[in-house]
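> Here's the letter readout for the chains.
There are 2 protein chains.
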Amino acid sequence: MSKKQALDYLLNPSSIAIVGVSKDFTSISGKPLKNLLHHKFTGEIYPVNPKYDEIGGLTCYPSLLDIPGEVDVALIAVSSKRMMQILDQCKEKGVHHLVLFGSGFAEVGEEGAALQKEVLEKAKQSGIHILGPNCVGLLNVKKAIPMGFATSFETVAGFKSGPVGFASQSGAVGFSLFGMAQEENIGFSYVVNTGNQMDIHSIDCIEYMLEDVDTKVVAGYLEGIPDGELLIKLSSVSKENDKPVILLKSGRSELGQQAALSHTASLTGSDETFRAVAKQYGFIIVNDLDDMIDAMKIFSTGKRAKGNRVVTISNSGAAGIVMADYSEELGLEMVQLSERTAQKVKELIPSYGSALNPIDVTAQALKEQHILTETLELLIHDPDVDAIVFQTTFGGELGLKICEKIIEIDAKTTKPIIVTITGTEELTGEGRLALQNAGVPVYATSYKTMVALKHLVDFSLFSTRTKTEELGAYSNGNIGNPAGVWTEVKVKETLSKLGIRVPQGKVFANKEQLQQHKNELKYPVVCKVLSDEILHKTDAGGVKVNIKNGDELAAAYDGIMQAVTAYNPSARIEGVLAEEMIEGDAIELFVGIKDDPQFGSLIVCGLGGIFIEVLKDASIRKAPVNRLEAKEMLMELKGYPLLEGIRGSAKKDINKLIDTLVKVSEFAFHANGKIAEMDINPLWVFEDGYGVAALDGVIVWKEKDRVTQANR
Amino acid sequence: MSKKQALDYLLNPSSIAIVGVSKDFTSISGKPLKNLLHHKFTGEIYPVNPKYDEIGGLTCYPSLLDIPGEVDVALIAVSSKRMMQILDQCKEKGVHHLVLFGSGFAEVGEEGAALQKEVLEKAKQSGIHILGPNCVGLLNVKKAIPMGFATSFETVAGFKSGPVGFASQSGAVGFSLFGMAQEENIGFSYVVNTGNQMDIHSIDCIEYMLEDVDTKVVAGYLEGIPDGELLIKLSSVSKENDKPVILLKSGRSELGQQAALSHTASLTGSDETFRAVAKQYGFIIVNDLDDMIDAMKIFSTGKRAKGNRVVTISNSGAAGIVMADYSEELGLEMVQLSERTAQKVKELIPSYGSALNPIDVTAQALKEQHILTETLELLIHDPDVDAIVFQTTFGGELGLKICEKIIEIDAKTTKPIIVTITGTEELTGEGRLALQNAGVPVYATSYKTMVALKHLVDFSLFSTRTKTEELGAYSNGNIGNPAGVWTEVKVKETLSKLGIRVPQGKVFANKEQLQQHKNELKYPVVCKVLSDEILHKTDAGGVKVNIKNGDELAAAYDGIMQAVTAYNPSARIEGVLAEEMIEGDAIELFVGIKDDPQFGSLIVCGLGGIFIEVLKDASIRKAPVNRLEAKEMLMELKGYPLLEGIRGSAKKDINKLIDTLVKVSEFAFHANGKIAEMDINPLWVFEDGYGVAALDGVIVWKEKDRVTQANR
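Sequence lines, in order, name chains A and B.
Read left to right, the first sequence gives residues 1 to 712 (the UniProt record's numbering).
Read left to right, the second sequence gives residues 1 to 712 (the UniProt record's numbering).
For the record, the hints were derived by calculation from the structure and aren't laboratory data.
On a predicted model such as this, the values are computed, not experimentally measured, just so you know.
There's no promise every hint is true.
Where chains are identical, the list cannot tell them apart; a pair therefore holds if satisfied intra-copy or between any two copies.
[What the hints assert, rightly or not] Restricting the straight-line Cα-Cα distance to at most 20 Å, the calculated cross-link-like pairs of lysine to aspartate or glutamate (EDC-like) are:
id, residue 1, residue 2
1, K122, D242
2, K537, E211
3, K306, D288
4, K93, E121
5, K344, D72
6, K367, E154
7, K638, E613
8, K344, D539
9, K548, E583
10, K23, E374
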């Protein structure tokens, strides 16, 4: 059974056993039963504990094997030491879905990790799927089935069901966030805490929820990325099903990463890589719990923004200024209203208001509410406006009436209307609640509003973006099974096959060869030593430039041999490379491939010199990239203006550079994980129209093969 | 009477007249009376309106002049058109403190601006001080005297008085923020809305509150900076009185700035400059309303942090990871515990917890609360820990008990203890309230907690930092009354007097002089044309380098004259400068002075080349700066690693560079606002020990004086 199917059982059980149940309903092993009773679970509940005959009015069984009926899900609240025995019973009883609450596994060190491995193996053999261990449980919100001991299961208010599915590696963080979101009237479909995620992990849950009909918004709290490839695959499901995936990932700092290791034994990756790749694949990345709740709220509306053109309306000029500030900061466009719309707005509002965006309808709009409603009507019909933000500080009866008007208008349009009400709960609580109940997103500050809107715009644009799936130039290439290290000559051959310009050159294995063929070259040339034991050729005296003829080349050969032998007497020398000396007004970049443990081949590029050495300025994407993505990579670079040409310097061949990025990324993609590292450095980018040239390069293959290497 | 004294009257009136009062208590002119009655103002209230004999049980007077007693403050709710007449009455009655609610002044255009000016003039002549116009009023929280129509004055809960004084240019934003902060149990001394601030402005209010005994924390919401010099002066009051000033400034974006102009007719300055200068002078800058409330809360404790070394304690490993992430991001140090402390913590907590920072006391600490309290006790006595953050997701009875323990421990220490409770209001509300009532800052997310703590640390470090007030090298210099533009030769003379190295050189007014003295020079030299009509000397062919002897110099002279005459035939040529050719391994910087309308002379510096042209990377401070500030300026630069030396390149003479920044800034300071602009570019910084050299420079004085300039 797949993990997806297992999750379906886990979330929709007809019968639940609680193994190791306690009569103490305040304890971890007592709470799961208390919670099921509290929420009136309509299926069968089978408490299991040899110490009792009855708990909470239910028959208590000595062991799983004594239960008369079938058991869909077993909640296991026994010590880790008893796990192997319990697994045997599960197998015998035919229980295939377990939730392990207990700790004492991988999070406590080697012994625990060994036990965890043992448990997992046995479970696999027995066709059993496990959630946990070290987790607080899971929740089907729609059916009100709490399975576990999360504090938020004890709510007296009941659960609010709705479109958000949420998977959290951390139980404490996850269920607290869930509770806070519920208090803001955000409805959920499921919440799952994966804990040590020995079997079912957070990405599995995201996959399940992306395909679940009741879930329209998926959220994940991750400490590590248990399956980067699966996450990437889910990007297209997110897009096809038009369901955003909101991710909060902790363990970003170096110290945070250490803590993550000792906590749930997960490996957190580089935050930079995670953010770059997640953005590339349309995931919404949030920075903290507030941000997560705010994003859940705006996505719960199901509305999308056609673009980033925002109009803000307020009854206070100051608020308009603030919203303009945040829009600029976040990359939203405070769109200039068309003359037609501006004129009509002007006719509606008092003379001391502002008909320009930010629109100030003034406090008068509170009394004459048609001012606001008619302004809103104008904007929802204006095709140049993608989203409308209304901000007010008013509460009380008038404030509530305004909220009711907004709810009416919001129901008539697919255009997002987002409300900021800045004010006390005492004064504005009623209006806020009305909006929340009607599904109109409302925030307490303009900053929160604008950040949430930015998330909505990002996903809306992503979900309508066409990703070119076809692969280009190298798609028929067969790279075979390369191993070891490919140095300059071989890498240049490869690049040349990809259609990337490299200097034309010739390899001479010895002086005789050189003497024989030296006049076949087109001078001037550069001459370089070839040896995979001399990495810094220039330092070793292994490079001579501006060689004008055959005699100079012969002299250069001797000079190089003498220098490198002095530098490293034992180095194995394969010969020298004499190649075309390329000149021109160029900018130096590096383009590389890096193997990432979570996401596979990444393509990385950046400008040379201080940009990389001082500013550490580089762009990262998962390979392959299409032209649009390659362009975005370049535009992210701090040094991008140099490519565009500044202060009279000419524009560089960005077009050809984009081609190069695409080709290298496709090469890496087809290498299918075989590349450990690849580096083209420098890649010269000439003036627009003059292309690029790769002047040096190296590929390190994952497979080590000294023999092949020595023989190549 | 000073504006400070006027504010004292305005905030502490014994008698208040309400001119233009309305019987409609839901209207703007009715609410001020309703609010005074609602909060049971114990002084005299005099409603004024010829239409009524009585309002709300009080005698209503036809005009100010009919009031029997003295009037401390008059709240004016009449149309702007009647203002001049009201002023006459105020003068006659001896009313010296007015609050103008009405709009129709500078915010609506030229006519209104003219009226505002007229009103202000008459008020000044009559010894009258005005708050407003276009404001919603002010509030003395301690005495519960609301003067105006802010919605938050209508609270039924009453006001909570406390240490925070708050001035806001915007009424809507200001009083909403006040209301929200009160709901989080933050106590206030005063809240003042300054509106159009024709007379009393936000910085005046900050000044008043900094000197008020009841106010310990000052906050300001600013749209513009009405008096930059005063704000800077208040920095030392803030420090001496150990009262933080928290500022939220809107109008940061270009569009925001336009909106600010049409809103309250204020001029918002460059956000970059504001942030740099405010930081230099120890103001706490917040980014939105939430951030402001969070800062008010932590500063309300009155506690200070001795440094940035933080320890976090949590009952969840995940939360610790998150806090470590945020610490790193914000520049707080997750301090490594001493072996002694770590050992003791280890003995306290369960084996599966973490005794390393972030400390994980595990859920066990909920049941055995001594684990938490003893850990806290250890940390408050550890001199290497400056602040303690406790995070929990637990609520209910156990959660409340934990909060009570923390309150007990917090009361025993001056070390800040900050709490994060992530959870629903239903579950955690009680604990949260207990902490708030006890003055222990509590936040809903770790991010908010860490940001607030960073503000506390920043102010704590600022308030103990010794600012070198003495001025150095140029303090006896007398710069006289310079005017026009000083070009290269004169600027170099000036820099030389300041002790900044410049190339040794000689000016030749004509060929004859050159022939006569050419052998007095030490070769090689550089030769440059001198003309304030040729700005780009190199482009004009006006520079020759590497001149080795007198003959070459004579030839260079001819070449230059020919080239520049061709370039600009009418240019007035003052001669040529032949100067020492300085060489060495140097980095190019620029150092400049810029006159800022709000803060006076700013010193700006940055690296040349792509750092300024592509990255726009520059540091700004108000002049003068001391050595520490100059060092911080450099360390802020993205290119700073180049000065420290990277990849084997030598460290540069940072010490001498700091000297230079200090000297230039002091020069600007003594110039006392006379400099419009000054630019030293390039300033070469050599290897450590080899100093700096200014290779070119210009000063533009504010006073234009073509005659002086032509004659210099």
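> At most 20 Å between CA atoms: does that hold for K344 and D539 within a copy, between copies, both, or neither?
neither (72 Å within a copy, 54 Å between copies)
> When Cα atoms must be at most 20 Å apart, do K23 and E374 count as within-copy, between-copy, both, or neither?
So K23 and E374 fail the 20 Å test inside a copy (62 Å) and across (31 Å) alike.
> Given identical chains, is K344 near D72, meaning Cα to Cα at most 20 Å, within a copy, between copies, both, or neither?
neither (63 Å within a copy, 46 Å between copies)
> Go through the copies and call it for K367 and E154: within, between, both or neither, with a Cα cutoff of 20 Å.
For K367 and E154, the Cα distance is within 20 Å only across copies (18 Å; inside one copy 44 Å).
> How do K306 and D288 come out at 20 Å by Cα distance, when the copy is not named: within, between, both, or neither?
neither (26 Å within a copy, 28 Å between copies)
> Is it within, between, both or neither when you check K638 against E613 at 20 Å Cα-Cα?
Both: 13 Å inside a copy, 11 Å across copies.
> When no copy is specified for K93 and E121, does a C-alpha distance of 20 Å or less occur within a copy, between copies, both, or neither?
So K93 and E121 pass the 20 Å test inside one copy only (18 Å; across, 93 Å).
> Within a copy, between copies, both or neither: where do K548 and E583 come within 20 Å Cα-Cα?
within (14 Å within a copy, 32 Å between copies)
> Using 20 Å as the alpha-carbon threshold, which applies to K537 and E211: within, between, both, or neither?
neither (55 Å within a copy, 69 Å between copies)
> What label fits K122 with D242 when the C-alpha limit is 20 Å: within, between, both, or neither?
Answer is neither: 38 Å inside a copy and 65 Å across each miss the 20 Å cutoff.
Hint check: violations occur at hints 1, 2, 3, 5, 8, 10; the rest are consistent with the structure.
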